[in-house]
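Enquirer: With full-length UniProt numbering applied, the sequence shown covers 1 to 99.
In case anyone wonders, no lab produced these hints; they're calculated from the structure.
For each residue, glycine too, the CB sits at the ideal point set by N, CA and C.
There's no promise every hint is true.
Heads up, simulated PhoX-like pairs for lysine-lysine below, C-alpha to C-alpha not over 20 Å straight-line [said to hold, decoys possible]:
{"no.": "1", "residue 1": "49", "residue 2": "84"}
{"no.": "2", "residue 1": "54", "residue 2": "93"}
{"no.": "3", "residue 1": "84", "residue 2": "62"}
{"no.": "4", "residue 1": "54", "residue 2": "5"}
Taking CB as the label site, the calculated pair distances span [as the list claims (entries may be wrong)]:
{"no.": "5", "residue 1": "75", "residue 2": "44", "range": "16 to 24 Å"}
{"no.": "6", "residue 1": "48", "residue 2": "93", "range": "29 to 37 Å"}
{"no.": "7", "residue 1": "27", "residue 2": "80", "range": "15 to 23 Å"}
{"no.": "8", "residue 1": "75", "residue 2": "23", "range": "34 to 42 Å"}
{"no.": "9", "residue 1": "62", "residue 2": "93", "range": "28 to 36 Å"}
{"no.": "10", "residue 1": "85", "residue 2": "20", "range": "14 to 22 Å"}
{"no.": "11", "residue 1": "85", "residue 2": "28", "range": "25 to 33 Å"}
{"no.": "12", "residue 1": "79", "residue 2": "24", "range": "15 to 23 Å"}
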Amino acid sequence: MVEWKTCFVCGYKGLEEPPYDALGNSSFEICSCCGFQFGLDDEDRDYSKEELYKSYREDWIKDGSKPFSESFPNHLIDLNGSLKAPVLHEQLKTLEMIP
Numbered sequence: 001m002v003e004w005k006t007c008f009v010c011g012y013k014g015l016e017e018p019p020y021d022a023l024g025n026s027s028f029e030i031c032s033c034c035g036f037q038f039g040l041d042d043e044d045r046d047y048s049k050e051e052l053y054k055s056y057r058e059d060w061i062k063d064g065s066k067p068f069s070e071s072f073p074n075h076l077i078d079l080n081g082s083l084k085a086p087v088l089h090e091q092l093k094t095l096e097m098i099p
């Protein structure tokens, strides 16, 4: 059984590998929810990883918080193709983005 890991960008608990190993090496896994790829989308040296996560998250939400992967669980998606509001709320809550 897979112990799913949480995406640092959208809070989805669906990563197969931790985003980074103990040495800080990236997994290069793509989150099936927000599409962030650890090791690629976080390589801008002018910003901290947290700033990059926040910026990517804000853009993803502004663009409708639509799941990246076609294999994303349908029961979590609204009729308009976005994550259902309670699902998004719970995911962001895991990141302490919502009080």
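Enquirer: Taking the Cβ atom of residue 85 and the Cβ atom of residue 20, is their distance within the range 14 to 22 Å?
Expert: violated (30 Å)
Enquirer: Could you grab the alpha-carbon distance between residue 54 and residue 93 and see if it respects the 20 Å cut-off?
Expert: Given pair residue 54, residue 93 holds - Cα atoms ~14 Å apart, limit 20 Å.
Enquirer: So the hint says 34 to 42 Å: do the beta-carbon atoms of residue 75 and residue 23 match that?
Expert: Once the Cβ atoms are compared, 37 Å apart, the range 34 to 42 Å for residue 23 and residue 75 holds.
Enquirer: Range hint 25 to 33 Å: satisfied by the CB atoms of residue 85 and residue 28?
Expert: Once the Cβ atoms are compared, 31 Å apart, the range 25 to 33 Å for residue 28 and residue 85 holds.
Enquirer: Can you let me know if the beta-carbon spacing of residue 48 and residue 93 is within 29 to 37 Å?
Expert: violated (22 Å)
Enquirer: Given the proposed pairing of residue 84 with residue 62, does the C-alpha separation stay at or below 20 Å?
Expert: holds (15 Å)
Enquirer: Is the straight-line distance between the alpha-carbon of residue 49 and that of residue 84 20 Å or less?
Expert: Violated, at about 27 Å.
Enquirer: Tell me if the beta carbons of residue 75 and residue 44 are separated by a distance inside 16 to 24 Å.
Expert: Since residue 75 and residue 44 have Cβ atoms about 35 Å apart, the given range 16 to 24 Å is violated.
Enquirer: Per the hint of 15 to 23 Å, is the separation of the Cβ atoms of residue 79 and residue 24 within bounds?
Expert: violated (41 Å)
Enquirer: Note whether the CB distance of residue 27 and residue 80 lies within 15 to 23 Å or breaks it.
Expert: Since residue 27 and residue 80 have Cβ atoms about 31 Å apart, the given range 15 to 23 Å is violated.
Enquirer: Do residue 62 and residue 93 keep their Cβ atoms within the hinted range of 28 to 36 Å?
Expert: violated (19 Å)
Enquirer: Given the proposed pairing of residue 54 with residue 5, does the C-alpha separation stay at or below 20 Å?
Expert: The given pair, whose Cα atoms are some 18 Å apart, holds under the 20 Å limit.
Checked against the numbered hints listed earlier, the structure breaks hints 1, 5, 6, 7, 9, 10 and 12; every other hint is satisfied.
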